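As they're listed, the protein sequences go chains U and V.
Residue numbers for the first sequence follow my numbering, beginning at 13 and rising by one.
Residue numbers for the second sequence follow my numbering, beginning at -5 and rising by one.
These aren't lab readings, by the way, just hints derived from the structure by calculation.
It should be emphasised that the depicted structure is a prediction, and the values quoted were computed from it without experimental measurement.
Be careful, since some hints might not be right.
Cβ-Cβ distance ranges computed for the label pairs, FRET-style [said to hold, decoys possible]:
hint : chain 1 : residue 1 : chain 2 : residue 2 : range
1    : U       : 82        : V       : 64        : 35 to 45 Å
2    : U       : 52        : V       : -1        : 16 to 26 Å
3    : U       : 65        : V       : 20        : 28 to 38 Å
Derived lysine-lysine pairs resembling DSSO-like cross-links, with alpha carbons at most 30 Å apart [to be verified]:
hint : chain 1 : residue 1 : chain 2 : residue 2
4    : V       : 43        : U       : 53
5    : U       : 67        : V       : 50
6    : U       : 53        : V       : 71
7    : U       : 53        : V       : 50
8    : V       : 54        : U       : 53
Cβ coordinates follow ideal geometry from the N, Cα and C atoms, glycine included.
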Amino acid sequence: GAVVSQHPSWVICKSGTSVKIECRSLDFQATTMFWYRQFPKQSLMLMATSNEGSKATYEQGVEKDKFLINHASLTLSTLTVTSAHPEDSSFYICSARDTAVRTEAFFGQGTRLTVV
Amino acid sequence: GNSVTQMEGPVTLSEEAFLTINCTYTATGYPSLFWYVQYPGEGLQLLLKATKADDKGSNKGFEATYRKETTSFHLEKGSVQVSDSAVYFCALSSTGNQFYFGTGTSLTVIP
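Looking at chain V on its own, in the form it has when it is part of the complex (with noise of 0.2 Å):
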């Protein structure tokens, strides 16, 4: 079956300091890969995503690259801001099917 095991939290930083949020999948077939960032008191926001194995997936300075060989796609930013604090789900979803989160990661990052 489809399943996403995430790095468990809470993740504290301090402002600058370099990111990684560990995120490991098993899944039937060749599924698209997700990041999604829930702010405070909101829904779910796509981050970036990938859709097929080597795929670097980025944006506003995160990245996340499918490797299937270890079957990973670990987030990353190399210098975080007091503005990336927040819970972070990675996911994956094949075709036409549902997604599947990790539990999240909780992100808080202090000045």
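Bound conformation, chain U alone (with noise of 0.2 Å):
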């Protein structure tokens, strides 16, 4: 089956830094790829939809200039956590829609966000 590889699958960084989390496709193309976070024991809450070559769409409530995304290629999504903070801590995790079967998404194996 598609496969849609995160990385890195842990990070911890300090207050302030930024932290970049790539999300890939590996074997198809996806002109679509989502952002979700997930918060303990919570679902997982789109952030925002990003499609290659445009703007994201960021859901209400999510900071644009905090967490920029970038869709530069069919195969490649980064989110970045700009001057992250400890209340960013959390599961980020990424699904792509492979353009060929549209009712069905894939999903990264998540990133696990530490803010010290």
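Assembly of the complex is requested from the two constituent chains, each provided in isolation within its own frame, with the hints serving as guidance.
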């Protein structure tokens, strides 16, 4: 099946620094990728929709200047958490929709971000 | 709008017990329905899906039937194993749109 690779799987950073998370579709093209955030014992909440070659669409309440999304190719989207603070600590998961299989999206392994 | 309501957990069962996790949905149009599983420390994996009414998705002994009349997609397994311990998410998606997830149900199976 289709594989989405997310890197890194976990990261610890200091408050005030920036962290970049990569999401790659390994064996299919993804014109659209999605970034979710999962708080402990809660469901996934969509942060933004990333479209290849255009600006991301952010959900209400998500700071676009803090969570920078770049989708420069059909196989790669990146999420950069800028000036991270402890409250940004969370589990971030990306998903990519195979343009050939419109009813299904594939999820990365997730990134556990801890800001200290 | 679209939303998913999922049975709250946590659920604890003995090995070989019968499992049901309820899921109901609200949607415009005719969405596809999914069950995803998240093992500890890992991302989401697709467990099964159904794309139209009366379809039954099945995988690894798990089953769920797309019931349009009751707007439900309950997950069932006849005999759970310790290795089934995980968090289960019900989700829906309309073609070309995002996924909407339930809050997740944590399942623990004890030997």
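Evaluation of the provided hints:
no.	hint	verdict
1	U:82 <-> V:64: 35 to 45 Å	holds, 43 Å
2	U:52 <-> V:-1: 16 to 26 Å	holds, 20 Å
3	U:65 <-> V:20: 28 to 38 Å	holds, 33 Å
4	V:43 <-> U:53	holds, 23 Å
5	U:67 <-> V:50	violated, 38 Å
6	U:53 <-> V:71	holds, 23 Å
7	U:53 <-> V:50	holds, 28 Å
8	V:54 <-> U:53	holds, 25 Å
Comparing the model with each numbered hint stated earlier shows that hint 5 is the single one that does not hold.
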